[in-house]
Amino acid sequence: MTNPNPISRLEYPGSQSASAAPLISPRNYTFLQTYIYRESGIVLDEDKQYLFESRLRPIVVREGLASIDALCDLVATGRSPALATRVIDAMTTNETLFFRDTAIFEVMKTQVLPELIAAAGSRKLRIWSAASSTGQEAYSLAITLLEARIDPGRVEIIGTDLCEQVVERAATGKYVQFEVGRGMPILLLMKYFTKVGLDWQIKPEVRNMVHFQKLDLRGSFAALGKFDLVLCRNVLIYFDAATKEQIIASIHKTILPGGMLVLGCAETLISVDHKYERKVFGHSTFYAVR
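In terms of this note's numbering, the sequence shown opens at residue 253 and continues consecutively.
Hints may contain errors.
What the hints assert, rightly or not - Simulated DEER-style distance windows between Cβ atoms: (1) V313 <-> I522: 39 to 45 Å; (2) L439 <-> S523: 39 to 45 Å; (3) Y289 <-> V448: 53 to 59 Å; (4) V448 <-> S319: 36 to 42 Å; (5) G477 <-> K443: 29 to 35 Å; (6) E399 <-> T520: 25 to 31 Å; (7) R542 <-> G449: 34 to 40 Å; (8) L441 <-> D525: 21 to 27 Å.
Stated by the list, open to error - Simulated crosslink set (PhoX-like; lysine-lysine; CA at most 25 Å straight-line): (9) K478 <-> K426; (10) K426 <-> K447; (11) K426 <-> K527; (12) K361 <-> K531; (13) K531 <-> K496; (14) K496 <-> K376; (15) K443 <-> K531; (16) K496 <-> K478; (17) K361 <-> K496; (18) K478 <-> K443; (19) K447 <-> K478; (20) K466 <-> K478; (21) K531 <-> K505; (22) K505 <-> K527; (23) K466 <-> K455.
Honestly, the hints are just simulated from the structure, not real lab data. Yeah, the Cβ is synthetic: ideal placement off N, Cα and C, and Gly gets one too.
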């Protein structure tokens, strides 16, 4: 979920013009909406022809199929689970960047994380990056902790996403120039990355602080254990109201007393039944467990 880590919106520039021929038949458009919602919980509106085209066309070409309709027909048979997984991964893989919303990371460095580590006492501080996508948020957290001079041996960071492909990529800790150029300050890049050919590899001291695994946010989180801090940012906007409320309630059960939840800057718990207390640090909002 893919993250799912995880971009601002499921959008793509250059939408289909009203006069153009449909890229997908109405029957298969409805199939994709239903199928993606069932498998991921993501709600896609009626005007996303261009999105399906941009995300699914590479799979059509790779498989040597005639059209997206042909791809839908093949997925609908259930005879190719691997192909079906690739379709879901393509539609749920979200863009992300390092230190997204820098004010949040700054207040975590100077106030939130030191307070949480002090409250944790002798046990490890546990942080969950939900919908971690290709790992930029989780690694940003690890670097923030190191910059706050917190012993990495006292911290455990878990990154999860629905998309298996991005989870595997996040675990490598390797990024191209364009990716590190989005949000990663040059001084931190030189301090915590090593240049490998044309790519940048996160150093072991950072990578060893983070563990990634596949997880559907609509499922059970019991196996993850308890956390002091959970970041579930810029992902709830993709779900309907009922699913959003379910996820918020499930996350609450994973947060230790005194722990906190962080949402995306454009996300709130307004109109959601919840058991959190809103806390503001500087210009950043956190939700504490009551």
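Hint by hint, here is what the structure shows:
1. V313 <-> I522: 39 to 45 Å: Taking Cβ atoms as reference, V313 and I522 lie about 43 Å apart, which means the hint holds.
2. L439 <-> S523: 39 to 45 Å: holds (42 Å)
3. Y289 <-> V448: 53 to 59 Å: Distance hint for Y289, V448 is violated at roughly 40 Å.
4. V448 <-> S319: 36 to 42 Å: holds (39 Å)
5. G477 <-> K443: 29 to 35 Å: holds (31 Å)
6. E399 <-> T520: 25 to 31 Å: holds (29 Å)
7. R542 <-> G449: 34 to 40 Å: violated (50 Å)
8. L441 <-> D525: 21 to 27 Å: violated (42 Å)
9. K478 <-> K426: violated (29 Å)
10. K426 <-> K447: holds (10 Å)
11. K426 <-> K527: The hint is violated at about 38 Å.
12. K361 <-> K531: Distance of about 16 Å is within 25 Å: holds.
13. K531 <-> K496: Status holds; Cα separation ~20 Å.
14. K496 <-> K376: Roughly 29 Å separates the two Cα atoms, so the pair is violated.
15. K443 <-> K531: Roughly 33 Å separates the two Cα atoms, so the pair is violated.
16. K496 <-> K478: Given pair K496, K478 holds - Cα atoms ~20 Å apart, limit 25 Å.
17. K361 <-> K496: violated (28 Å)
18. K478 <-> K443: Given pair K478, K443 is violated - Cα atoms ~31 Å apart, limit 25 Å.
19. K447 <-> K478: violated (36 Å)
20. K466 <-> K478: Satisfied, since the Cα-Cα distance of roughly 17 Å is no more than 25 Å.
21. K531 <-> K505: holds (19 Å)
22. K505 <-> K527: It holds: about 10 Å lies between the C-alpha atoms, which stays within 25 Å.
23. K466 <-> K455: holds (23 Å)
In this structure, the earlier hints numbered 3, 7, 8, 9, 11, 14, 15, 17, 18 and 19 are contradicted, and the remaining ones agree with it.
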